[in-house]
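Student: Read in numbering that gives the first Met the number 0, the sequence shown has 252 at position 253, and its numbers run on one by one without any break.
Some hints could be false.
Stated by the list, open to error - Restraint ranges, calculated between C-beta atoms of paired labels, are given here:
| hint | residue 1 | residue 2 | range |
| --- | --- | --- | --- |
| 1 | Y98 | I157 | 15 to 21 Å |
| 2 | G249 | V226 | 53 to 59 Å |
| 3 | G179 | S130 | 16 to 22 Å |
By construction, these hints were calculated from the structure, which means they are not laboratory data.
Glycine included, C-beta positions come from ideal geometry on N, C-alpha and C.
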Amino acid sequence: MPLCRSTFSTLLLFLVYFATQAQTRQADTAYYVTPEYRLPWVKTLSLVSPNWEAQSMAHWYVGLSGFAGNDQSRQTGNLNSLVTAVPVWKTGWDVLVGYVSRGWAGEGGYVRSPTNLKLTVPNNYPTLDFSYQTSQHAIFGRLKRRLIRTNRAVGAGIWVSGGARLTSNTSFRETVLLRGITYARQRQVVDTIQINIATQTVRPVSGQVELGIDYAAPIGKRLMLDVFVRRYWGIGQALESTMVYQSSRGNSQTAAVTANGEGWSLGFGLYYRYATRHQLTQR
Numbered sequence: 000m001p002l003c004r005s006t007f008s009t010l011l012l013f014l015v016y017f018a019t020q021a022q023t024r025q026a027d028t029a030y031y032v033t034p035e036y037r038l039p040w041v042k043t044l045s046l047v048s049p050n051w052e053a054q055s056m057a058h059w060y061v062g063l064s065g066f067a068g069n070d071q072s073r074q075t076g077n078l079n080s081l082v083t084a085v086p087v088w089k090t091g092w093d094v095l096v097g098y099v100s101r102g103w104a105g106e107g108g109y110v111r112s113p114t115n116l117k118l119t120v121p122n123n124y125p126t127l128d129f130s131y132q133t134s135q136h137a138i139f140g141r142l143k144r145r146l147i148r149t150n151r152a153v154g155a156g157i158w159v160s161g162g163a164r165l166t167s168n169t170s171f172r173e174t175v176l177l178r179g180i181t182y183a184r185q186r187q188v189v190d191t192i193q194i195n196i197a198t199q200t201v202r203p204v205s206g207q208v209e210l211g212i213d214y215a216a217p218i219g220k221r222l223m224l225d226v227f228v229r230r231y232w233g234i235g236q237a238l239e240s241t242m243v244y245q246s247s248r249g250n251s252q253t254a255a256v257t258a259n260g261e262g263w264s265l266g267f268g269l270y271y272r273y274a275t276r277h278q279l280t281q282r
């Protein structure tokens with residue numbers, strides 16, 4: 000009889016142990032799901048409650064842009080059109096980081112684009128050109144406001160933008176001396192002339208303000224294409240050329256040309272969205 004009780008007790012303990020293990024394994028199976036069967040929370044929510052959906056409200060992005068445009072100089076005095084300032088065509092690029100939310104966007108970064116000044120002597124053959132530029136390093140900040148939304152994506156649409164840029168100017172000074180003759184046919188007089196051109200950096204840092212229009216459209220799950228046109232106005236002078244004209248008959252004139260980054264540009268960029276914030280809304 001004691002043996003039967005001992006056997007019964009042992010059997011009962013084994014049954015309790017196996018039952019406990021089965022419940023534990025069942026709980027573990029329900030709690031731990033293998034990664035390949037896990038669903039994103041957005042999809043899980045739509046399966047559980049089809050009346051709710053997640054909308055993208057804001058995101059961070061990084062971008063790379065390329066552009067082409069021109070720099071326009073300002074000239075006071077013309078020296079009888081012997082030396083003139085001409086626009087300079089240029090290309091550049093920038094890298095940026097930005098944040099967009101509720102129809103507003105802010106971005107900033109580094110841009111590689113110098114300020115240019117170009118002088119030409121058109122009456123000489125061949126034409127003489129003198130080109131100068133600052134260093135190509137600048138930083139910028141920009142604020143955007145969406146006017147028209149063209150897609151459900153957060154950053155898609157037509158935007159108007161405004162911003163500012165700071166450009167570093169490498170210090171230098173260069174002097175050019177031109178000598179030649181002019182001939183007045185009606186009086187048959189030959190005149191010897193001399194033009195002294197001194198070009199230098201005005202200040203170590205100059206600035207520009209900008210206004211622009213952007214059109215952004217998604218081209219993938221995380222990529223956005225941006226096409227833009229921008230107009231720039233200079234703040235302060237970056238480069239200056241001072242010219243002094245003298246002739247053998249005693250005539251003397253002065254003129255000056257300044258460059259501050261004024262001009263326009265047209266380009267496009269690619270933006271990559273790397274962090275998105277969602278908001279749950281009822282359909």
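Student: Please go over all the hints and tell whether each is borne out by the structure.
Tutor: Right, here's what the structure says about each hint:
1. Y98 x I157: 15 to 21 Å: 19 Å, holds
2. G249 x V226: 53 to 59 Å: 57 Å, holds
3. G179 x S130: 16 to 22 Å: 21 Å, holds
This entry satisfies every hint, going by the numbered hints stated previously.
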